[in-house]
Amino acid sequence: MTSHTNFVARALVCGFAVATSVSAQTPPVNGLLPSAIRWDAIEHATVFTSPDHKIDDATILMRDGWIDAVGPSAQAVIPAGATIHDGRGKTVVAGFIEPALLVDSVAFARRASGESGAHWNVNVTPQVASRDLPPVSAAIRQELRELGFTLAAVYPDSGIFRGSGGVVLLGDSLGASQSIEESAGQFVAFGRGPRIARDRDWEEENQAPVYPNSVMGATALLRQTFLDARWRSASVAVWDAHPVGNDPPIAAAALDALALCVTGQERVLFDASTELDALRSGALAKEFGLDAAILGGGGEFRSLAEIAALKLPIIVPLDFPKAPSLTTARLAESASLGDLASWAAAPSNASRLIAAGVPVSLTTTRLERRTLFPTRVREARDAGLSESQLLAALTTVPAALLGVSDRVGTIAPGRLANLAVSTGALFAPESRIAEVWIAGQRYDTTATSDIPLASTFAAHGRHAITLLDGTACLLTIDSTKRTINFESTGANGAKHAWAAEQIALERLRGAFLVDGAALALSGPVRCALRLTGDQLSIDAQSADGRIVSFDATPSPQTDAAVIETARLALIDADKLTAKVAAFRALQREIPITHPFGDFGFTSVPARESVLFRGATVWTSAPEGILNQTDVLVRDGRIAAIGANLPVPPDARVIDCAGRHLSPGLIDCHSHTGIDGDVNEWTEACTAEVRIQDVIDPSDVGWYRALAGGLTCANQLHGSANPIGGQNSVVKLKWGSPLAEWAVPTATPGIKFALGENVVRPRGRYPQTRMGVEAFLRDRFSAAREYRQAQQDFAARGAAAGEMPLRIDLELETLAEILESKRIIHCHSYRQDEVLMLLRLADEFGFRIGTFQHILEGYKVADAIAAHGAGGSCFSDWWAYKMEVMDAIPWAGAMMQNQGVLMSFNSDSSELARHMNTEAGKAVKYGNLSPAKALAFVTINPARQLGVGDRTGSIEVGKDADLVLWSGDPLSPLTRCEQTWVEGTKRFDRADDLAARAGRELLRQRLVVAALGTKIDDPARDPPTVAPAPESPKAAPTRLLQRMVNSRDDYYRDLWRRGIDVRSLQRAGVCGCEEISQ
Amino acid sequence: MMPITSILCGALLAQNTITPAPPQAAPLVIEHATIHTAVLGASVIQDGFVVIDGGKIVSMGTGAAPASAAACIDATGLHLTPGFISTATTLGLIETGQVRATDDRTETGRFHPEVEAWLAINPDSNLLPVARMGGVLLALVFPQGGVVSGQASLIRLDGWTNDEIAAVRDAGTVVRWPATEPAPHWYTTRNADQQEKDRRATLRALDDFFDAAKAYTRARAADPALPVDLRFERMRDLLDGTRPLFIEAASAGQIESAILWSLARSMKPIIVGGQGALAVADLLVKYKVPVIVPGVLRLPRFAHDDYDAPYTLPARLAARGIEFAIATGDEPSNDRNIAHHAAVAAAFGLAPEEALASITRVPAQLAGVGDAYGVIAAGHSATLLLHDGDPLEVTTNVRQAWIDGRSIELKSHQTDLKAKYEHKYQRPQPVPAATPAP
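So the protein sequences, as listed, match chains A and B. Just so it is clear: in the first sequence, position 35 is 35 by our numbering, and no numbers are missing. Just so it is clear: in the second sequence, position 110 is 110 by our numbering, and no numbers are missing.
Chain B with its partners taken away, still in its complex shape:
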């Protein structure tokens, strides 16, 4: 068994100083683990092994691994899961809240499909190692703002450069659907009619924009010498349904409106939000539209909503057979709490293995990498977490993590600060008492 150690480094800089992991050089065996494969319909393997090599899972099974020369981790009492995937997050696009210079989430304007999230992600962001320690190994990062916000990118939370961290540069286009119902007066000074006008104008602009994109695509196909439009170029495989639209839509009206609009244009919608999804469940079921639930730990939307409405939403979606992923819906610095969200869904009716799948298998599928990430299965990427307890418990810590077989150093500027001040308190003499000013 390989010892699990963590070496503390005292250096403290504004950007993280943790060295990205080298590619997996030799095969590794993890055995006697409780394995949560997240494979649809599969049950937990109480005592199992996984053999990883070349960054992939090459074999797995129950009991002890077949004898080999490979390094071996005895994971007795530990739990093995796929790496968590944070979705609909801005991880890496913003470092410090309220500090504009560190904020690259939102391009100006209303329609900017040409911008791609991966380009602005700071590979040395301090937020990435912190999220990793909470088990987040992949993240589907959304640009923000406008109506068409830009391209979502799937990143690995480890790498030297943007090119290395970007797993999928264009996983889909983020669209922010307008409110379909007027906001009550305590939200706005604009009355229902004015809001209705705003909404119609936005929907009209959205229609015009997509019509123009379609016309452009046809025109360019007929005459490739026509001038290039970056925005519409970026929408080609969107218009034919190759890539999905991630549509922010919360209310039943928004969801219904967004889905009908997408279907009318033969595009592939994924709903982000979905508080009102149950009221239009038949539509989601019939057209197999998945939902990203941005936060289980959130407040009910309306005063009369059941206190546990956000907690039970995943279970209610599951009961209707609607596919969903769970995200934190929170600031990216809190992405490490993603399992906490999934756990509360489990406390309120969702099967624990489904809860786990909602932060592993399903998001991988929604990001278009379901055949490579999100489950523990032979042939899949060795993007794994070894936990010292039930992966859904808040008291559990990640003991070891691998991204594509590369062993990740589980530390952050936070562990450095912890070590620094633990050292302070081990000093023999106490800090001098505060001296009064003259």
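With the rest of the complex left out, here is chain A:
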């Protein structure tokens, strides 16, 4: 449209005029008919025909819902029949497109799950289509229009396979959806968000709880369902060709609805509210060849490189995390650097993704209130988005994502007349959307907004304070109005006043924030007030973390005028602007560390060539403990061991005089870094779930374990069911991408569990140790038959026209156990259940890798040794439940003496920090040699996990997984100084100590910023506004509610006692507190 010299309205070639396609279903009009002429022109407006093309004085002609022409006003010829709208001072852009509008679909999903062809799982309802849902409510449509949106892709919001979306116009259309595209793809989720519970309380009905409860369970369900959809298509094809002799396929509306998804012909949109969800989405897209897109969570910048490498379009929400709630100065101690940095850097998410080449569309979804959208857009822009990138993310990119670029997204002839008209410049703080046009229909928009807003303080009144520079300052506390004001008189007699902010007062203490100048300090300072007897004192903490204390003495004077002056000082525009500018600068300084958070590296750490010189080397190999020995590391491996090794030119030399070097420690039972939930406890057998799907490489537990010398861990599923999920063996490659963590050569394993935990869920088989045996026998029989059927099928070939066999991920996993391709790590305590599993193993011919916990294993050590199973126990835990009353600390040594390969494990992120001293207890109890004791946490667990050829000992050719200790590694008086994983230093105590001051300074600056930003954007953290109540559809059943309530009480007591809830994994409990009582 830029080159033509003149344009006039022309008749539309295309006869499809959306707004006039009056449906036969619309009711007859009572009264006079509305005018049929829909011919409009907006003239003299600033028009962005596309994100990159602006015309300063332009005219747009619209007819019957479509754009007829657009160009410079000077060249426009407006037909006589058109209504002219003055666009002077306004900016017109293509109407915004909401790419993911989620609507309540729980009732529809539940209904679908009850109809013919439904999937067995109530959370799998892909057959729900947005067109079958009621239209988007008038209120939401209006809300979106007020923000400039004219079109939205609508998706059902409930379940795991939630159903398919459609693209609808956001105009008022007589109670029906006006859709321009019916298939916007299938919307799937990892079990977060609204879930579909059964109608009745399962406890009382003795029904099973709804599978899955965990992210890994949801991931397994996604995989199984995609496989089933493929199988379904294949079955139908076979039936069509060979109906005779085959069973007719039963109705499967759910799987049929996925037929196009699994062939890549229909989009699959993943609801990925976390970065790990996004990475999982990418993995599933790859595995099943899906045409995938991601509805992100807003934190993608924290794993930017990995997420950008997925090369998937991302719909980015502007739901920036709230500033950590710092309503009292004391609460600042709880705000982690990671949380603060996430909060401060979140607005830059979209711009960072775009810079990394990701197609980004913006959404109002996930916002606490949609009305926050314009503010958030401006924040995102200020954090690095150009105006054209922003506009593209609201128009052309979502149009392309939804496959409707030919109809919407730009202002051009032949496009739908969808426009957003802004007063003033687009996205300017004072601008707002004045009107939108939807298919040629004009809608006035009127914005609405709301702005939200702590007992008695015994020190009410005036007090004098002597400042550090010797001058005096007057402090006035009004405990009824809750104001605190400072005033002082300068050298020239000028009076200064300051009002405190963020005031929290109670009887004997209080807190507030005030400009440091009030106390002759700099920057904003956080103050704690304290009344001891009659003595009022103030602790003022400035941005550098320094604390200055002042004593206040009561002062009889009062001066109402001064107080008022101070109050007015609060409203000072200049100060505010400066504060915002300072915050923007700080935002840019935030390092995106690897991993993002408190102890990440500024860049991904690299391998080094290193010579450890003159250490006492605990080899965990037949050589035992070598004194004064050198160890050379190259290319991630141990290259040489000996005395006085020559120094290769590229190698760094670490003087180890007086220090000890050991293999990296290995934890054979860990629940650290598992995203979502440790237990998929809803079913007695969950062999299909995989910990590998839910590894969280950013868990601070990993860093803390590295700081205790741990380099490798066996991540296990919990013990809530007899057959749990598949394990994951990882190296602690802190700072490296998730993809590098798994040890691919480890023996695949699975968690089994016996005894008390597995019979705890009420109303489910098994409830006794007898039932556990029967259950295991039953499942192994099924797996054997399953494999046999597959082999028979393969032998006969597909030629016979038989229906294909369904791949069952659960039985597939169990069959792998029977084929000795997968070993069992069995949570077990009592000797009877141990012997039971050994009997089953002999009968079915499978292998038990390790008995875990195995606290009564010493009673049947001979039988365990005869099978060849290993044992992995606590050093000395006991008495935490009935089945561990016979545990004894000599068990490890006694079992080893009977020929059982033994390890000590942690089962706890705390114990995982000092596995070396746990090993020391094998000397105390059992009198093992120190070298043999250390082997309990090095080579022995390595062998148990099938990684003994790679790690666990210091031998030439093995992975350079090493720990440098300040002394004897078995001594609690020793500190871990460095931890190396495959030749890369992942922990260094000296580095950690050196980085502390800088980290704390940044944290304190962010704390101050978090306090300060409440002033410029109350929406970012309205501390007194209660969160929106949970939607009733998510209301849990009564038992679940009781569980939630009691867990709430329990967790809050942990907080009170200063215990990190995320450290909750108690040894031997395996996360089962979730389901106990």
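Incorrect hints may appear among the rest.
Unchecked claim - If you only want the chain B side, here are some residues facing chain A, beta carbon under 10 angstroms, derived:
1) 329
2) 331
3) 390
4) 412
Don't read these hints as lab results, they were simulated from the structure. Treat the numbers as computed from the prediction; the structure is a model and nothing was measured. The beta carbon of each residue, even a glycine, is placed where N, CA and C say it ideally should be.
Let chain A serve as the given structure and place chain B on it in line with the hints.
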């Protein structure tokens, strides 16, 4: 030298069958020991002797003991320390986790100062002999639950009856201070405002309760015929600061709030928790408030806390001159690991002798028995441990123990089980292989 032997008994019952030790009948000399006296400022005696008689240390010194007719232990290569004291523990109040019938830790309600821990301690608990083998000879046992949980009792880990094991029935009152800062959303569905209301309500209830106790005490003093209130009776010597309050308080805000509240009421606080203590160190120093650190081997409280924050807390408290005891903060079955906690504090900056004092001298003082227990000094109780190595090393075992001069039998149901199954594996024929089910 008297032989150090241990006789194994095969009987295995739900409750321990170990016979409590008889009172010390004759004087005993332990010589050539490395003696860690735990006396403030005293250094380790590399080769020393201790003479105990009548349950007390009657004399001590360096080198060989003066010649006497008394039985004598040659402790060459061995270390002598005071018995360890586990504090803030529930030892004896619970036997088996998750089995309600064995759990007497928590009385119902929010204010129950009238309950006393020693009454519910099972003298035949299997946990006591196990803890003893780890060196724990005394324990300051805390009731749990509510806001005012009840009376802490100091027990000896040996005796026929509760009366015998109770050394101090009412060492102080356990108070659980409410959180002063709202918990983040991942802890609770209650928002900050709701939590703030909860907290104010709890503090108000606490104030009302103590006000009522004070009013009751005054009223009863004026008119002894007024009806008795068990709860308030139990608080008399608390209100005048004779006995301490053991206040659970973790964050700086809780500690500050709890101390200011106690001082305003002229009561004597001891902080149990103290992760945030350094931020209010001046307050603790100025008012000489001691801290019980419930566990060195624990995780940092917040994601950004230094990985070694719990390890260095004792050293940081020591550097500020704040008195502290180290407890395990763990389930009572793990009380035997108390020295392990102290050792890690020593690895991270605390002087080893201070680490030892934090599980001996200081807890004795906090329990109000500093003049009788906790140090090796003439006139003090002969509550002693003889170790086969450095008492802070995990590889070290307790070789002999005495409580008030009584020689403790170092065995437990665990040693019995060990002996039983060692016997099994000495049998000539192996266990028959597991037979497949039909």
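Comparing the hints with the structure gives:
1. 329: holds (9 angstroms)
2. 331: This interface hint holds because 6 angstroms falls under the 10 angstroms limit.
3. 390: holds (8 angstroms)
4. 412: holds (9 angstroms)
In the structure shown, no violation is registered for any of the earlier numbered hints.
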